[in-house]
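Peer 1: Chain residues, written in single-letter form:
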Amino acid sequence: MLRLAIALRACGALALFLASWGCASVPQATRIEGVEALQLVPALQAGNSREAVVLELGTPARELESGRILCFLLRRDAERGTLVPVPRNVTPFESDQLSWRWVEYDLVTVFDADGLLERFSLVQLW
Amino acid sequence: MGSRARQVLLALFACASSGCFVLVGQPDVVVSGTGRPLFDKREDFFVDVGKTTRAEMLLQLGQPFWVADDGAVLVYAYIRSTHNVVWMIIAPIVSGTVDFELYLVQFDSAGQVSRTGFRSGKATWSMSESLDARRIAAAAVAEWIRQGAAQ
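In order, the protein sequences belong to chains F and D. Under numbering that gives the first Met the number 0, the first residue of the first sequence is numbered 0, with each subsequent residue one higher. Under numbering that gives the first Met the number 0, the first residue of the second sequence is numbered 0, with each subsequent residue one higher.
Watch out, some of these pointers could steer you wrong.
Result set (EDC-like, lysine to aspartate or glutamate): computed pairs, CA atoms no more than 20 Å apart in a straight line [said to hold, decoys possible]:
{"no.": "1", "chain 1": "D", "residue 1": "Lys121", "chain 2": "D", "residue 2": "Glu100"}
{"no.": "2", "chain 1": "D", "residue 1": "Lys40", "chain 2": "D", "residue 2": "Asp27"}
{"no.": "3", "chain 1": "D", "residue 1": "Lys40", "chain 2": "D", "residue 2": "Glu55"}
{"no.": "4", "chain 1": "D", "residue 1": "Lys121", "chain 2": "D", "residue 2": "Glu55"}
{"no.": "5", "chain 1": "D", "residue 1": "Lys50", "chain 2": "F", "residue 2": "Glu64"}
{"no.": "6", "chain 1": "D", "residue 1": "Lys50", "chain 2": "D", "residue 2": "Glu100"}
{"no.": "7", "chain 1": "D", "residue 1": "Lys50", "chain 2": "F", "residue 2": "Glu117"}
{"no.": "8", "chain 1": "D", "residue 1": "Lys50", "chain 2": "F", "residue 2": "Asp111"}
{"no.": "9", "chain 1": "D", "residue 1": "Lys121", "chain 2": "D", "residue 2": "Asp107"}
A few chain D residues facing chain F, derived, Cβ under 8 Å [unchecked claim]:
{"no.": "10", "residue": "Arg35"}
{"no.": "11", "residue": "Phe38"}
{"no.": "12", "residue": "Asp39"}
{"no.": "13", "residue": "Val46"}
{"no.": "14", "residue": "Val48"}
{"no.": "15", "residue": "Gly49"}
{"no.": "16", "residue": "Arg53"}
{"no.": "17", "residue": "Gln62"}
{"no.": "18", "residue": "Gly70"}
{"no.": "19", "residue": "Val112"}
{"no.": "20", "residue": "Ser113"}
{"no.": "21", "residue": "Thr115"}
{"no.": "22", "residue": "Ile135"}
{"no.": "23", "residue": "Ala138"}
Pair ranges (Cβ atoms, derived) [unchecked claim]:
{"no.": "24", "chain 1": "D", "residue 1": "Gln150", "chain 2": "F", "residue 2": "Arg79", "range": "49 to 57 Å"}
{"no.": "25", "chain 1": "F", "residue 1": "Leu115", "chain 2": "D", "residue 2": "Val48", "range": "23 to 31 Å"}
{"no.": "26", "chain 1": "D", "residue 1": "Asp69", "chain 2": "F", "residue 2": "Arg79", "range": "33 to 41 Å"}
{"no.": "27", "chain 1": "F", "residue 1": "Pro86", "chain 2": "D", "residue 2": "Glu42", "range": "18 to 26 Å"}
{"no.": "28", "chain 1": "F", "residue 1": "Ser48", "chain 2": "D", "residue 2": "Ala149", "range": "36 to 44 Å"}
{"no.": "29", "chain 1": "D", "residue 1": "Gly116", "chain 2": "F", "residue 2": "Gln38", "range": "34 to 42 Å"}
{"no.": "30", "chain 1": "D", "residue 1": "Phe117", "chain 2": "F", "residue 2": "Glu64", "range": "40 to 48 Å"}
{"no.": "31", "chain 1": "F", "residue 1": "Val34", "chain 2": "D", "residue 2": "Arg145", "range": "46 to 54 Å"}
{"no.": "32", "chain 1": "D", "residue 1": "Asp69", "chain 2": "F", "residue 2": "Gly114", "range": "20 to 28 Å"}
In case anyone wonders, no lab produced these hints; they're calculated from the structure. Idealized CB from N, CA, C, for every residue including glycine.
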């Protein structure tokens, strides 16, 4: 009986520890890199021009530092298997009715002084 | 006190303390403009004032909620752990106000982080004027920028 009580208390303490541990960590979204990123967005090939990226992904959701940094909100096209831009009128930034459900990927691209792709960050949100 | 009553009291205490544990353990999560959880505001973050660039911040954090002052300030948001889900649902109904919590990053003319900060406040909530919170939060951002310029 004593052993059972000790075991139950140990289980309770473990459950409390796991509960607090689980809540204490910030869940991290999946960052997509390398070949997988190129399969989803072929224009992300290093050295590609800004024009090539915009031609594939359309008008960016945000543009900073005179076009050196372009941000895109994307979703997966089931038929093509690649990422396509979310229409501007349903993005959280452009619409009063926030439509998070359309945005599946967050892409930030950084270009060098010659307008060639230098770095990017592609994150799967959901 | 009977053993049964003692067991009930112990069970209640365990539930109460587990609730406290969960509340204390929850992080104050800073989120991106797309709602992506980024980091706990109470922990050290990679920002190095005077060194970290705008591009590095965006690559790390993703898109912000707002870009203010012609790109000089990026505005993210955070969710305080004290605001549990139940209160977030009830508060607008009961009080007619919503809390907003902002994480702000300001850049100098060279595109490097010059200042970071947190701002919170209250905004009136109504069905017809859903933009009120955004307007008041924008005013808080503008005030934060003015304070920085005055320093």
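Peer 1: Against each hint, give a clear statement of whether it holds in the structure.
Peer 2: Comparing the hints with the structure gives:
no.	hint	result
1	D:Lys121 <-> D:Glu100	9 Å, holds
2	D:Lys40 <-> D:Asp27	6 Å, holds
3	D:Lys40 <-> D:Glu55	18 Å, holds
4	D:Lys121 <-> D:Glu55	31 Å, violated
5	D:Lys50 <-> F:Glu64	17 Å, holds
6	D:Lys50 <-> D:Glu100	25 Å, violated
7	D:Lys50 <-> F:Glu117	19 Å, holds
8	D:Lys50 <-> F:Asp111	18 Å, holds
9	D:Lys121 <-> D:Asp107	29 Å, violated
10	Arg35	5 Å, holds
11	Phe38	6 Å, holds
12	Asp39	5 Å, holds
13	Val46	16 Å, violated
14	Val48	19 Å, violated
15	Gly49	18 Å, violated
16	Arg53	6 Å, holds
17	Gln62	5 Å, holds
18	Gly70	5 Å, holds
19	Val112	14 Å, violated
20	Ser113	15 Å, violated
21	Thr115	17 Å, violated
22	Ile135	15 Å, violated
23	Ala138	18 Å, violated
24	D:Gln150 <-> F:Arg79: 49 to 57 Å	51 Å, holds
25	F:Leu115 <-> D:Val48: 23 to 31 Å	29 Å, holds
26	D:Asp69 <-> F:Arg79: 33 to 41 Å	36 Å, holds
27	F:Pro86 <-> D:Glu42: 18 to 26 Å	37 Å, violated
28	F:Ser48 <-> D:Ala149: 36 to 44 Å	43 Å, holds
29	D:Gly116 <-> F:Gln38: 34 to 42 Å	40 Å, holds
30	D:Phe117 <-> F:Glu64: 40 to 48 Å	25 Å, violated
31	F:Val34 <-> D:Arg145: 46 to 54 Å	48 Å, holds
32	D:Asp69 <-> F:Gly114: 20 to 28 Å	21 Å, holds
When each numbered hint is compared with the structure, violations occur for hints 4, 6, 9, 13, 14, 15, 19, 20, 21, 22, 23, 27, 30.
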